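J.: Chain by chain, the residues run as shown.
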Amino acid sequence: MAPLAPRSGDAVFANVERVNAELFTLTYGAIVRQLLTDLEEVEEVNKQLDQMGYNIGIRLIDEFLAKSNVSRCVDFKETADVIAKVGLKMFLGVTASVTNWDVDGTSCSLVLEDNPLVDFVELPDTCQGLYYCNILSGVIRGALEMVSMKTEVTWVRDMLRGDDAYELRLKLLKQVPEEYPYKDDE
Amino acid sequence: MVGREVSESCVDSMIIEMVSSYCDRFYSAKPELAARRIEAIGYQVGLQLSERYTMERPRFSDHLEAIKFICKDFWSELFKKQIDNLKTNHRGTFVLQDNRFRWLTRMSIDPSETNGNTSDDPSVATTESKSAQSASMHLYFPCGIIRGALTNLGIPCAVSADMSNLPACELVNILQMI
Numbered sequence: 683m684a685p686l687a688p689r690s691g692d693a694v695f696a697n698v699e700r701v702n703a704e705l706f707t708l709t710y711g712a713i714v715r716q717l718l719t720d721l722e723e724v725e726e727v728n729k730q731l732d733q734m735g736y737n738i739g740i741r742l743i744d745e746f747l748a749k750s751n752v753s754r755c756v757d758f759k760e761t762a763d764v765i766a767k768v769g770l771k772m773f774l775g776v777t778a779s780v781t782n783w784d785v786d787g788t789s790c791s792l793v794l795e796d797n798p799l800v801d802f803v804e805l806p807d808t809c810q811g812l813y814y815c816n817i818l819s820g821v822i823r824g825a826l827e828m829v830s831m832k833t834e835v836t837w838v839r840d841m842l843r844g845d846d847a848y849e850l851r852l853k854l855l856k857q858v859p860e861e862y863p864y865k866d867d868e
Numbered sequence: 061m062v063g064r065e066v067s068e069s070c071v072d073s074m075i076i077e078m079v080s081s082y083c084d085r086f087y088s089a090k091p092e093l094a095a096r097r098i099e100a101i102g103y104q105v106g107l108q109l110s111e112r113y114t115m116e117r118p119r120f121s122d123h124l125e126a127i128k129f130i131c132k133d134f135w136s137e138l139f140k141k142q143i144d145n146l147k148t149n150h151r152g153t154f155v156l157q158d159n160r161f162r163w164l165t166r167m168s169i170d171p172s173e174t175n176g177n178t179s180d181d182p183s184v185a186t187t188e189s190k191s192a193q194s195a196s197m198h199l200y201f202p203c204g205i206i207r208g209a210l211t212n213l214g215i216p217c218a219v220s221a222d223m224s225n226l227p228a229c230e231l232v233n234i235l236q237m238i
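Chains as they are written, first to last, in the numbering used here: chain A, 683 to 868; chain E, 61 to 238.
The reader is advised that the hints may include incorrect statements.
[As the list claims (entries may be wrong)] DMTMM-like cross-link-like pairs, simulated, lysine to aspartate or glutamate; straight-line CA separation at most 20 angstroms:
id	chain 1	residue 1	chain 2	residue 2
1	E	K90	A	E722
2	A	K767	E	E68
3	A	K749	A	D763
4	A	K749	E	D144
5	E	K132	E	D144
6	A	K767	A	D796
7	E	K90	A	D720
8	E	K141	A	E699
9	A	K767	E	E65
10	E	K140	A	E699
11	A	K749	E	E68
12	A	K759	A	D784
13	A	K729	A	E834
14	A	K853	A	D784
These are computed hints drawn from the structure, not numbers from a lab. These numbers were taken from a predicted model, which means no experiment stands behind them.
Could you build all of it, start to finish, from the sequences and the hints given here?
T.: Take a look at the structure:
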């Protein structure tokens, strides 16, 4: 029997180097603010935040695999669980609950219990349409793509937009078969 | 009370990605514009952080007191260590030296660069200056933070960094009071 994947990222989070979250939160806020000034269009800011997240995700997955001790997930349900309980915990120190599964088990919601990205944040009226936390959905999409899962990650509820929670919708589009960079006869 | 924490790699990857977005995507043809934007982001962060870290302190009596606060308390909050060395010419210039600046310790730069490289190969020279240039892009953010923090303490200044001793990860900040 395969070793059970850890169901909680507490131990990993306790062991990684940690820093004051204020620096993280304020830096992210300053980046979003500067992007709004430079790119002008809110839509474009959403897109760039997602792209930045994606670029981070494709690198962060290595650290996750190296430190979390998580082995291969048997299905997407387990993957979602690991993101919610181990991945988010290990990097952001928070967890999420996984809910609203569809019948074929390919899409679900992650409801964040806490969100360090948005401490001190209030959106002015001029920023309607901004998905402030779009970097996070990008990170998850990028990380999953590196472990052969093409996904679509979108925000369905956002407290900065007046909702009662932070809810991410995760949809598995395609499981990409692993390709090896070498041929048998080489 | 220990405040909220996140993993260090979150902050690191966010800053690295921000710098590379500005240098390679938004302003790839205009490094000086990219540098100004990155500095502006740092400035905003420094302004807000020093506001928070000085909330319960009495007003600083002079510039030196404020600089000492940056070297000790402010730096410790951010990097869990103090500035290693503070020098001043007593005419408004301060040099803050961090011998192991956390944001640069994992950056690899060709060590031959600082060892008096005598190679004539132009391609080698280009690679070196590129790696040095991209490393220097990462210094605009901390420079901005310090300028923002001091500005918030009522000390408008210019901050620049010198990393000519990079293998030892030295960060030298030269503050020129205006």
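J.: Hint by hint, note whether the structure agrees.
T.: Now the hints, each set against the structure:
Under the criterion of a C-alpha separation no larger than 20 angstroms, the hint pairing K90 (chain E) with E722 (chain A) is consistent with the structure, at around 19 angstroms. The straight-line distance between the Cα atoms of K767 (chain A) and E68 (chain E) is roughly 19 angstroms, inside the 20 angstroms bound, and the hint therefore holds. Distance restraint check for K749 (chain A) and D763 (chain A): the Cα-Cα separation of roughly 17 angstroms lies within the 20 angstroms cut-off, and the hinted pair is therefore satisfied. Taken as a hint, the K749 (chain A) and D144 (chain E) pair is broken in the structure, with Cα atoms around 32 angstroms apart against an allowance of 20 angstroms.
Distance hint between K132 (chain E) and D144 (chain E) is fulfilled; the C-alpha atoms sit about 9 angstroms from each other, no more than 20 angstroms. Taken as a hint, the K767 (chain A) and D796 (chain A) pair is honoured in the structure, with Cα atoms around 13 angstroms apart against an allowance of 20 angstroms. Among the hinted pairs, K90 (chain E) with D720 (chain A) is consistent with the structure: their alpha-carbon atoms are about 14 angstroms apart, no more than 20 angstroms. Restraint check: the Cα-Cα separation between K141 (chain E) and E699 (chain A) comes to about 14 angstroms, which is no more than 20 angstroms; the hinted pair holds.
Taken as a hint, the K767 (chain A) and E65 (chain E) pair is honoured in the structure, with Cα atoms around 17 angstroms apart against an allowance of 20 angstroms. As the CA atoms of K140 (chain E) and E699 (chain A) are separated by approximately 11 angstroms, the hinted pair is consistent with the 20 angstroms bound. Only pairs whose Cα atoms come within 20 angstroms are accepted, and K749 (chain A) paired with E68 (chain E) is accepted, the gap being roughly 14 angstroms. As the CA atoms of K759 (chain A) and D784 (chain A) are separated by approximately 11 angstroms, the hinted pair is consistent with the 20 angstroms bound.
Distance check on the hinted pair: K729 (chain A) and E834 (chain A) sit about 14 angstroms apart at the alpha-carbon level, within 20 angstroms; holds. Simply put, K853 (chain A) and D784 (chain A) have alpha-carbon atoms about 10 angstroms apart, close enough for the 20 angstroms limit, and the pair holds.
Hint compliance for this structure: hint 4 is the single one not met.
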